[in-house]
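**Q** Residue numbers (the numbering used here), protein chains in the order written: chain A, 1 to 507; chain B, 1 to 172; chain C, 1 to 621; chain D, 1 to 104.
It is possible that some hints are incorrect.
Said to hold, decoys possible - Using 27 Å as the maximum straight-line C-alpha spacing, the simulated DSSO-like pairs for lysine-lysine come out as follows:
1. A:K120 with A:K170
2. C:K589 with D:K28
3. B:K161 with C:K594
4. A:K502 with C:K366
5. A:K290 with A:K196
6. B:K162 with C:K594
7. B:K89 with C:K589
8. B:K162 with D:K28
9. D:K28 with B:K161
10. A:K196 with A:K206
11. B:K129 with D:K28
12. A:K290 with C:K157
13. D:K28 with C:K594
14. B:K89 with C:K594
15. C:K585 with B:K89
16. C:K70 with A:K170
17. C:K157 with C:K298
18. C:K366 with C:K298
Stated by the list, open to error - Here are the simulated distance ranges between beta carbons:
19. A:M195 with C:D69: 38 to 44 Å
20. A:K29 with C:S108: 36 to 42 Å
21. A:M195 with C:A584: 28 to 34 Å
22. C:E547 with A:S25: 54 to 60 Å
23. C:T209 with A:S500: 35 to 41 Å
24. C:T274 with A:T55: 43 to 49 Å
25. A:I188 with C:T274: 54 to 60 Å
26. C:Y567 with A:V191: 32 to 38 Å
27. A:G59 with C:D69: 17 to 23 Å
28. C:D69 with A:I188: 25 to 31 Å
29. C:E547 with A:L505: 44 to 50 Å
30. A:M195 with C:S207: 49 to 55 Å
Hints listed in this document are in silico derivations from the structure and should not be mistaken for laboratory results.
Beta carbons are placed, not taken as given, at the ideal position from N, Cα and C, and that holds for glycine.
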Amino acid sequence: MSSMLLTLLIFSPLLSVLILLFVPSDDEKTLKMTGVLGALLPLIAAVTAFTAFDTAESGVQLEEVYQWITYEVFQANGELNYSIQYHIGADGLSMILILLTAFIAFLASIASFSIKEKLKSFYILFFILELGMLGVFSAQNLFLFFVFFELTLVPMFFLIGRYGYLNREKAAWSFLIYNGIGSAILLIAFVALFMKSGSMAFDQLKAVFALPEADLKEMYLTENFRMGILIAILAAFAVKLPVVPLHTWMLRVHAEAHPAIVMIHSGILLKIGAYGMIRFGLGIFPEEFKSLAGVIAVLGVVNLLYGAFLALSQSDMKKVLAYSSVSHMGIVLIGLAALNEYGIQGAVFQTVSHGLISALLFFLVGVLYNRRGSSQLHDFGGLASQMPVAAGLLLAGGLASLGLPGMSGFISEFMAFLGLFEVMPVTAAVGTIGLILTAVYVLRAVLGVTFGRVKREGTVYGADMTAAERFPAFMLLAAIIIIGCYPALLSGLLGATLESIKLGLGG
Amino acid sequence: MNGDMIAFFILALCAIAGGVMMISSTNVVHMVVSLIFTFLAVAGIYVTLSAEFVAGVQVLIYSGAITIIMLFGIMLTRHDKENEKKTPKLRQFAAGGAILVFFLIMYGKIKDLNFPQGDVELHVDNTKKIGIELYSNYVIPFELMSVLLLVALIGAVVLAKKDEKEEGGGKE
Amino acid sequence: MLQNAWLIPLFPLLSFIVLTAFRRHTGRLAAVIGLAATGASLLMALMVFAEQWQGNSFKAEITWLEIGDKIITMGYEVNPLNALMLVIVTLVSFLVHLYSKGYMEGDSRISVFYAYLGLFTFAMLGLVLSPNLLQVYIFWELVGLGSFLLIGYYYFKPEAKAAAKKAFIMTRIGDVGLFIGIILLFWQTGSFEYDEIFKAVANQEISQTMITLTALLVFVGAIGKSGQLPLHTWLPDAMEGPTPVSALIHAATMVAAGVYLVASAFPLFEASQTALTTVAAVGGATAIFAASIGLMQKDIKRVLAYSTVSQLGYMMLALGSAGYTAGIFHLTTHAFFKALLFLAAGSVIHAVHTQNIEEMGGLWKKLRLTGPLFLIGALAISGFPLLSGFFSKDEILAAVYADGRYGLFVLALIAAFMTSFYMFRLFFMVFSGQPRSKQDGVHESGWTMTLPMIVLGVLAVVAGYVNTPWFGTFLNDYLAQGPVELAHEHHGPLWIPIAATTVSLLGILLAYLMYAKKSLSRDWLSRSFPSVSDIIYNKWFVDEAYEATFIKGTKAASCGGTLIDRYIVEGAAEGTVSAVQLLAKSGNKVQDGKVQTYGTVVILGLAVIFAVVALTGGYFS
Amino acid sequence: MSSVPLSMYLMLALILFCIGLFGALTKKNAVIVLISIELMLNAVNINLVAFSKYSLHPGLSGQIFTLFTIAVAAAEAAVGLAILIALYRNRPTVSVDEMDTMKH
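Starting from the given sequences, assemble the full structure and let the hints guide the process.
**A** Shown next, in the form of structure tokens:
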């Protein structure tokens with residue numbers, strides 16, 4: 001039973017899809033209940049998997065391997081046996097992201113209550129999306145990874161295009177085209193890897209590329225080839241992360257999609273970019289990654305500053321948050337570029353922490369949008385007097401976002417910079433300007449909404465947050481603070497995995 | 001330069017000349033006639049390749065049957081020169097260029113290709129051997145071929161038959 | 001007792017949590033909860049101090065985070081310096097809690113106010129107890145958060161909003177310096193612990209340049225928090241917060257954190273002469289600069305705020321001149337008398353409902369208790385003999401003189417003159433003469449407000465005797481027990497206290513002549529040097545300069561970035577789109593329904609593939 | 001035995017094929033297009049017969065294959081012409097350029 005745990009976890013959303021098929025589409029109450037319970041199921045499974053997970057061990061755990069596709073190819077240098085397996089498993093990094101996915105998806109399912117129309121198909125797409133995300137993080141070979149990766153694109157496209165705001169269709173197309181190009185590049189890189197190395201499994205690829213240079217030459221895996229594949233993979237994930245200047249699609253999605261979707265998107269889907277860079281970039285091509293570290297660091301700093309500067313002059317709260325996501329993803333790059341435990345750990349922390357923080361902030365913006373019908377900054381003000389809870393949460397979220405100690409954002413920023421200062425102090429010093437700018441734009445937006453006077457007389461915002469709205473927000477805030485106060489929770493999970501990455505980097 | 005070579009060159013020249021004439025001619029009937037020329041030359045080539053039976057079939061089917069069908073086709077349709085517009089120059093150049101590239105590359109590839117001539121005596125009892133092969137190894141394709149021909153026959157008749165109703169409908 | 005020192009910050013934290021969670025239900029109980037928490041902290045701090053006095057130190061740590069082979073710990077430490085700070089912080093905090101009960105009476109959000117106070121006190125105590133720089137940084141930011149929340153307490157006022165934002169951002173700039181400094185120190189010494197860092201510095205494991213660089217970066221943090229030049233502008237604006245908050249945060253505790261930080265990292269600074277000189281120079285410059293602005297301000301709290309900036313400059317000057325004890329000593333006495341002054345000012349504001357001193361006057365008779373207490377505070381800060389400020393200022397001047405930076409010494413003397421002048425200008429304008437506006441129902445505040453003032457008044461008088469040339473230098477001996485073995489004693493020549501006293505008395509006299517007796521015209525300065533007075537009145541146009549350079553610059557960069565994003569980045573994407581569309585349109589033309597066109601395209605494609613394969617030799621060759 | 005090298009036959013086939021292809025792509029008259037296609041088939045047949053003689057495993061397969069090709073070509077010619085006639089009846093032209101109903 002426990003050997004099937006991960007499979008059950010990944011495919012548990014399917015059960016809800018099946019149930020939803022039999023629920024009449026106008027029975028809102030049942031739909032909502034199925035949605036929430038259905039999202040709870042993977043969370044329970046994820047927690048169960050977590051308890052079965054041994055944090056001290058460095059390798060992949062909870063592995064499942066089944067033969068899937070096999071064929072033989074004759075080549076000039078002999079017969080090659082190609083086989084693709086259904087191979088899933090989780091190491092520390094995967095485990096963290098799986099937990100994050102299940103957690104945020106659960107909260108997003110509650111946040112979806114504000115959807116009034118087409119709720120049934122929403123939840124069906126939602127669960128397919130969750131399946132894809134869980135699969136992406138637990139796949140252990142390229143093929144499976146790619147299948148799940150694509151599986152996230154399609155439902156996301158419809159979720160953006162059907163349930164968003166005014167320009168949602170354009171946003172959905174932007175999303176599809178950018179990500180489609182990204183995954184096309186990814187596919188080419190994967191296929192090239194497969195054809196040359198004869199394997200798709202992560203561990204085998206890792207072993208192949210750890211071979212001495214002469215052996216690699218023999219297999220036509222020249223230096224240029226490896227570098228090319230790495231750059232292709234990084235480029236593909238750079239679209240996802242996103243890295244400036246490939247970020248415009250993300251702004252549209254964040255501005256136009258429904259808040260629950262943006263929670264998922266900003267909270268998890270962007271993290272696939274980071275995950276891919278760590279898993280494929282650092283994991284398979286450590287040597288080549290090293291030689292690109294300088295470029296990545298500069299890109300990270302550019303992302304950080306660019307996002308921060310632009311967030312400063314946005315008039316739409318959602319745009320501010322979108323640019324702040326761009327800025328925060330810069331920190332992931334900074335951490336990766338450091339190539340030491342501190343930096344990589346910082347990058348992973350940042351993925352988790354930004355997942356939680358941006359989910360919280362977008363959720364709150366959604367709550368405000370429901371009340372006010374707008375997310376323009378100039379429509380707001382004096383929120384604290386009429387919705388103290390919402391205002392307090394928004395302030396807390398903002399503070400977390402600007403990296404206040406005691407909250408998760410600080411840990412990741414600190415570790416990423418700690419890592420980068422060891423290797424590239426000057427670049428890192430330039431990057432710290434971003435910390436100041438972050439404070440400036442966050443406070444501008446948050447104080448603009450919460451402080452000051454109410455723009456119109458009377459009860460403009462309506463009632464304060466309902467219990468169903470408070471629950472996700474407080475859960476997220478609690479997670480942010482717990483990680484911020486006691487980061488060893490996460491780092492314990494990561495330690496062993498980082499150790500193995502570090503080994504790949506050659507100390 | 002032995003006899004084989006001479007025969008080959010003459011036949012090849014005839015074949016190519018026929019082809020070129022077909023392409024360059026403007027009169028439809030001339031085209032068909034030059035094609036007959038080519039077909040016959042190709043039949044000769046077959047003979048030099050020790051394929052007498054195929055050569056015979058070539059003469060019968062191509063030079064005979066197919067050419068006649070084509071002539072009937074021409075006779076049944078109208079061909080006024082004034083009515084014919086010129087093919088667009090662009091397409092002509094594109095096709096010509098592409099074919100030239102194709103030709104050059106293929107030429108480069110087959111220029112030095114040569115297999116040793118097998119020691120099988122193909123020309124000895126050629127027809128008999130083909131007959132044996134056809135009725136032993138290739139009997140199923142052979143029978144299938146007969147079905148194909150039948151289908152083609154019926155199909156051609158059905159297609160070419162005047163459809164009274166359609167004619168009356170006057171629809172495009 | 002020392003082992004349980006970690007409980008001290010937890011009481012206020014508990015109060016914060018309880019008050020936030022049960023915000024709706026506490027109501028008037030809020031003050032009691034806050035008082036109980038800080039009272040418990042105060043008691044424990046006193047016990048810890050008593051035990052520490054006997055020479056015990058204590059340090060405990062737990063693992064917080066493991067990264068690779070490095071272990072980052074969190075913990076607490078009790079040493080002479082922070083035991084003293086614990087008492088100061090808890091005491092002032094307790095008194096301010098008590099005072100606020102009266103001052104904030106009737107405010108509907110009183111529980112929020114007490115919650116914020118609890119949060120701040122927690123953070124400040126945590127900062128004081130921290131044994132390593134990382135923990136210092138964490139609480140350093142949290143202290144800033146408390147300050148930010150309390151400045152913005154009146155959230156509906158646009159000024160309060162702006163001030164809160166400004167405070168956070170300005171200190172954040174300093175914090176980033178500290179952040180970099182900490183990280184660099186970590187990479188140089190492999191640890192965040194004070195002990196390890198000091199050991200590495202002592203063993204000369206770090207290059208001199210690196211010591212100077214890190215010391216300066218740490219000092220940048222202190223500049224931000226302590227409102228030193230050039231990051232001082234937030235502190236006067238922070239007066240938008242409720243007055244008790246100004247007393248607690250922006251006079252006694254948080255702003256002194258910068259001084260505390262420099263003091264606790266003192267061995268690092270002492271290892272670099274450049275760093276010390278910078279600290280002294282910045283301190284001296286700030287002292288006189290802020291004092292000069294204080295001369296012309298009209299808002300009672302702003303005068304006090306500039307005075308705070310100036311006094312903090314003094315402390316920095318002392319530390320920069322290697323006067324470790326002097327700096328700490330002044331920090332202690334300043335905490336008491338400046339808190340007293342702010343509370344007294346709060347009492348005045350509470351009575352007359354204005355902060356503009358032009359509208360006050362003649363309050364001496366109406367506020368029989370506040371008036372004398374304010375006088376005590378003013379005398380103490382002016383360095384009137386036998387009050388606490390006299391001794392600590394004397395100590396600083398002696399240290400600066402002994403250090404040999406005579407230019408700074410002169411600056412300090414001038415600043416002392418200005419201090420006494422503006423304090424008594426304030427005093428005379430508020431309390432003497434006739435009321436300059438209608439004042440109805442002016443009455444003395446209740447006991448909750450006067451009691452803290454009385455306690456602080458007493459302390460403002462006697463606190464100086466802990467370290468005097470005459471009765472013994474208890475404080476110096478006490479601090480000498482600490483890990484920082486640098487508590488030098490400076491005994492300057494006798495003429496220094498005399499000169500200092502003379503100067504401050506002259507300042508008082510001048511103020512008396514101008515504002516009480518009015519024998520000198522009040523505005524001779526503005527008449528004789530209009531430009532000078534204009535500059536001073538407008539605070540040297542620092543805010544305006546920042547507005548014109550940094551803020552405008554950032555805004556311009558942001559707008560420019562937006563344009564780039566919209567037209568270049570987005571434009572590139574749009575360009576690609578139109579290129580593809582163009583291609584598609586031309587491709588569409590090929591689809592004309594004619595078989596031969598299709599065939600031609602197929603052959604063209606085939607030819608291209610053939611050509612590519614023939615030219616490159618194919619992928620697998 | 002024949003001393004003409006294989007490449008000569010292939011070259012001849014190539015030339016005929018190219019001529020046929022050019023005709024099929026550029027000629028207006030549908031009948032001529034069909035004839036050009038026949039020419040291309042012929043070129044292929046030459047290759048088949050040539051390879052049946054010159055190869056590592058010579059044999060009759062090439063010739064038999066040629067026979068099949070000829071049969072198919074005959075069927076194709078018949079059906080093609082039938083279609084042509086049918087088309088011509090609907091629209092009195094044999095110009096390939098005017099047969100563009102695929103576009104619509």
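**Q** With reference to the structure, classify each hint as holding or not holding.
**A** Structure-based check of each hint:
1. Restraint check: the Cα-Cα separation between K120 (chain A) and K170 (chain A) comes to about 23 Å, which is no more than 27 Å; the hinted pair holds.
2. Proximity of K589 (chain C) to K28 (chain D) is assessed by CA-CA distance (about 20 Å); at most 27 Å being required, the pair is judged to hold.
3. Annotation: proposed proximity of K161 (chain B) to K594 (chain C) holds, straight-line Cα distance about 26 Å (limit 27 Å).
4. As the CA atoms of K502 (chain A) and K366 (chain C) are separated by approximately 74 Å, the hinted pair breaks the 27 Å bound.
5. Taking the CA atoms of K290 (chain A) and K196 (chain A), the gap is near 22 Å; set against the 27 Å cutoff, the hint holds.
6. Proximity of K162 (chain B) to K594 (chain C) is assessed by CA-CA distance (about 26 Å); at most 27 Å being required, the pair is judged to hold.
7. Restraint check: the Cα-Cα separation between K89 (chain B) and K589 (chain C) comes to about 16 Å, which is no more than 27 Å; the hinted pair holds.
8. A distance of roughly 25 Å separates the Cα atoms of K162 (chain B) and K28 (chain D); the hinted pair therefore holds under the 27 Å criterion.
9. Taking the CA atoms of K28 (chain D) and K161 (chain B), the gap is near 25 Å; set against the 27 Å cutoff, the hint holds.
10. For the hint pairing K196 (chain A) with K206 (chain A), the CA-to-CA distance comes to about 14 Å; that is within 27 Å, so the pair holds.
11. Note on K129 (chain B) and K28 (chain D): the hinted pairing is violated, with a Cα-Cα distance of about 43 Å set against a maximum of 27 Å.
12. Of the supplied pair hints, the one linking K290 (chain A) and K157 (chain C) is violated, its CA atoms being roughly 52 Å apart against a limit of 27 Å.
13. Among the hinted pairs, K28 (chain D) with K594 (chain C) is consistent with the structure: their alpha-carbon atoms are about 11 Å apart, no more than 27 Å.
14. Between K89 (chain B) and K594 (chain C) the CA atoms are separated by roughly 15 Å; this keeps the pair inside 27 Å, and the hint holds.
15. For the hint pairing K585 (chain C) with K89 (chain B), the CA-to-CA distance comes to about 21 Å; that is within 27 Å, so the pair holds.
16. Between the alpha carbons of K70 (chain C) and K170 (chain A) the distance comes to roughly 49 Å, so the proposed pair goes past 27 Å and is violated.
17. At roughly 20 Å between alpha-carbon atoms, K157 (chain C) and K298 (chain C) fall within 27 Å of each other, so this suggested pair holds.
18. Taken as a hint, the K366 (chain C) and K298 (chain C) pair is honoured in the structure, with Cα atoms around 21 Å apart against an allowance of 27 Å.
19. The beta-carbon spacing between M195 (chain A) and D69 (chain C), approximately 40 Å, falls within the hinted interval of 38 to 44 Å.
20. Between K29 (chain A) and S108 (chain C) the Cβ separation comes to about 38 Å, which falls inside the hinted range of 36 to 42 Å.
21. For the hinted restraint 28 to 34 Å between M195 (chain A) and A584 (chain C), the CB-CB distance of approximately 31 Å keeps it satisfied.
22. Checked against the given bound of 54 to 60 Å, the beta carbons of E547 (chain C) and S25 (chain A), roughly 57 Å apart, stay inside it.
23. Between T209 (chain C) and S500 (chain A), the C-beta spacing of about 38 Å keeps the proposed range 35 to 41 Å intact.
24. Separation of T274 (chain C) from T55 (chain A) is about 47 Å and conforms to the stated range, judged on CB atoms against 43 to 49 Å.
25. Against the hinted window of 54 to 60 Å, the Cβ-Cβ separation of I188 (chain A) and T274 (chain C) comes to about 56 Å, which satisfies the hint.
26. The given range of 32 to 38 Å is respected by Y567 (chain C) and V191 (chain A), whose C-beta atoms sit roughly 37 Å from each other.
27. Between G59 (chain A) and D69 (chain C), the C-beta spacing of about 20 Å keeps the proposed range 17 to 23 Å intact.
28. Checked against the hint of 25 to 31 Å, the pair D69 (chain C) and I188 (chain A) fails, with Cβ atoms roughly 40 Å apart.
29. Separated by about 47 Å at the C-beta atoms, E547 (chain C) and L505 (chain A) satisfy the suggested range of 44 to 50 Å.
30. As the Cβ distance of M195 (chain A) to S207 (chain C) is approximately 52 Å, the hint placing it in 49 to 55 Å holds.
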